[in-house]
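Enquirer: Those protein sequences? They're chains A and B, same order as listed.
Residue numbers 220 to 432, in this note's numbering, belong to the letters of the first sequence in order.
Residue numbers 152 to 396, in this note's numbering, belong to the letters of the second sequence in order.
Read the hints as simulated data drawn from the structure, not as lab findings.
Keep in mind that a hint or two might mislead.
[Unchecked claim] Counterexamples of contact, computed for chain A against chain B with all Cβ distances above 10 Å:
1) Thr224
2) Arg247
3) Asn288
4) Glu298
5) Thr304
6) Gln329
7) Thr342
8) Ser352
9) Asp362
10) Lys363
[To be verified] In silico lysine-lysine, DSS-like type, Cα no more than 30 Å apart, as pairs:
11) A/Lys277 with B/Lys274
12) A/Lys306 with A/Lys363
13) B/Lys274 with B/Lys242
14) B/Lys274 with B/Lys372
15) B/Lys310 with A/Lys306
16) B/Lys242 with B/Lys372
17) B/Lys273 with B/Lys372
18) A/Lys306 with B/Lys242
19) B/Lys273 with B/Lys310
20) A/Lys363 with B/Lys372
21) A/Lys277 with A/Lys363
22) A/Lys306 with A/Lys277
Every residue, glycine too, gets a C-beta built ideally from N, C-alpha and C.
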Amino acid sequence: MPSLTLSQTYHQPTSTLTVRGEAPLPSRPVDGSARLPLQAIESNFECQLEIRQGETTKTLQGDSVWLKNLITVIDRYVESQLSGTPKGTFSGTAAIRPLDFISHRLTVRQGEDRIAQVDLSMTQLYDLLENLSQAAEDLPQLDKLATLPTPAWYRQPTAIAALLAGGIALVAGVGLWVSRRDPPPPPSPPQEQLTAPEAAGDLQQRLESTPAQ
Amino acid sequence: MEWNSILAFELLPKAKRWVASLPWRGDHRVLSELKVPINSVTVEPRQIQLDPQALGPTTATAAIKAHLDLLLLGLESLSGESSEAVLAAAKALNLEEYIGDRVALWRLRNANPLRRTSGEPKKVEIAEARALARVIAYLAAQQQARIRSTLEQLEAALKQELSPFRQPLVGDYLGEFISHYRSRMVDGDVRDEDSLAELALRILIELLFYSSPRGAERLWKALLNRPEMDLPASSKVGSDALPSS
Numbered sequence: 220m221p222s223l224t225l226s227q228t229y230h231q232p233t234s235t236l237t238v239r240g241e242a243p244l245p246s247r248p249v250d251g252s253a254r255l256p257l258q259a260i261e262s263n264f265e266c267q268l269e270i271r272q273g274e275t276t277k278t279l280q281g282d283s284v285w286l287k288n289l290i291t292v293i294d295r296y297v298e299s300q301l302s303g304t305p306k307g308t309f310s311g312t313a314a315i316r317p318l319d320f321i322s323h324r325l326t327v328r329q330g331e332d333r334i335a336q337v338d339l340s341m342t343q344l345y346d347l348l349e350n351l352s353q354a355a356e357d358l359p360q361l362d363k364l365a366t367l368p369t370p371a372w373y374r375q376p377t378a379i380a381a382l383l384a385g386g387i388a389l390v391a392g393v394g395l396w397v398s399r400r401d402p403p404p405p406p407s408p409p410q411e412q413l414t415a416p417e418a419a420g421d422l423q424q425r426l427e428s429t430p431a432q
Numbered sequence: 152m153e154w155n156s157i158l159a160f161e162l163l164p165k166a167k168r169w170v171a172s173l174p175w176r177g178d179h180r181v182l183s184e185l186k187v188p189i190n191s192v193t194v195e196p197r198q199i200q201l202d203p204q205a206l207g208p209t210t211a212t213a214a215i216k217a218h219l220d221l222l223l224l225g226l227e228s229l230s231g232e233s234s235e236a237v238l239a240a241a242k243a244l245n246l247e248e249y250i251g252d253r254v255a256l257w258r259l260r261n262a263n264p265l266r267r268t269s270g271e272p273k274k275v276e277i278a279e280a281r282a283l284a285r286v287i288a289y290l291a292a293q294q295q296a297r298i299r300s301t302l303e304q305l306e307a308a309l310k311q312e313l314s315p316f317r318q319p320l321v322g323d324y325l326g327e328f329i330s331h332y333r334s335r336m337v338d339g340d341v342r343d344e345d346s347l348a349e350l351a352l353r354i355l356i357e358l359l360f361y362s363s364p365r366g367a368e369r370l371w372k373a374l375l376n377r378p379e380m381d382l383p384a385s386s387k388v389g390s391d392a393l394p395s396s
């Protein structure tokens with residue numbers, strides 16, 4: 220199906236957010252001055268966030284889920300700051316916590332196996348919030364945007380929980396089965412299944428457990 | 152400035168320690184226990200029908216009234232502007248119904264239970280509080296450049312382990328805020344310099360977030376989520392002091 224690439228860049232003094240994605244080509248030609256709104260984006264969404272820190276710039280990127288998590292986390296965190304009860308928070312692939320009076324540590328997943336950390340000052344946090352708030356207003360469909368199924372499905376918290384529960388049930392079942400029969404079985408394969416996802420999910424767990432401390 | 156130099160000499164060595172030790176809690180003391188024993192809450196159908204409170208709060212809490220006044224104090228400390236700026240903002244926003252003149256503004260600000268005012272606690276309707284929140288966001292947006300410069304100066308000073316009090320913009324702001332607070336609030340005489348500086352800086356940070364085009368909405372949400380405050384003992388006894396603004 221023919222599509223059109225739409226993009227938008229949001230600027231603040233210390234941060235720049237660029238979002239882009241594909242929208243179905245309109246059936247009627249759009250006149251030269253009119254632009255399709257970002258709301259028309261339906262697929263292949265991606266975003267890039269640049270945070271300027273003095274002479275250097277930190278660049279982060281992700282898909283619609285990544286951006287949604289970042290928006291949720293930053294919004295919730297600033298809300299806690301402004302209501303007088305600041306506390307660290309996380310959501311899926313993003314986490315943030317206070318470092319001291321005016322500094323904050325943002326931790327986000329980058330790709331399959333990498334996490335990135337950025338320390339933000341108050342003004343940087345403000346700029347980031349402004350960009351994200353504007354993008355959230357322009358992309359009300361962010362929740363519903365199609366994303367490709369991630370091959371690292373086992374790193375999802377729900378998948379980890381389900382796998383662990385399944386693994387435990389399987390081990391228990393084998394145990395029950397073993398207790399009723401002789402001779403003893405060889406080392407149990409389900410245990411390997413149980414440990415492998417745990418190790419793979421360690422990154423996710425670290426990402427999620429650190430800020431909660 | 153004498154005040155600045157005194158603070159610089161006295162507080163420079165403490166600056167880093169002070170920042171590191173700032174407690175992560177609100178600037179008001181949060182109630183640590185229920186004021187009403189659980190077993191004293193009784194539900195009487197007749198009361199539910201007659202009591203408008205049962206339908207939701209219609210007046211601002213003490214925490215909301217205090218915080219609105221402190222935000223105005225912060226703006227005043229930054230720019231030196233007085234009630235004229237607030238009244239002009241109310242007019243620009245068509246909020247004269249709530250903040251039409253100095254008397255109305257005086258009543259709203261002096262509803263802050265921390266104020267050295269006399270008499271019983273003053274009620275502020277939710278609509279009045281909301282109007283004041285919109286005015287604060289409007290004024291913060293007008294002063295955004297100054298708020299941001301002051302905050303950037305603070306961030307740079309802390310990064311270099313310098314005393315915030317020695318930075319021109321931050322030092323002036325802190326000096327004004329602390330001086331106003333001491334003269335107007337019941338606990339102004341008993342709170343130490345560090346605790347007042349902490350409060351002033353928190354207010355400054357908040358003002359940056361409220362200077363956004365989404366500032367009024369953000370402020371209102373934050374006010375509604377703000378935990379109720381524990382008033383200093385001296386504010387519970389009426390004082391005969393004249394209102395200071």
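Enquirer: Going back to the hint list, which numbers does this structure go against?
Expert: 4, 5, 7, 8, 11, 18 and 19
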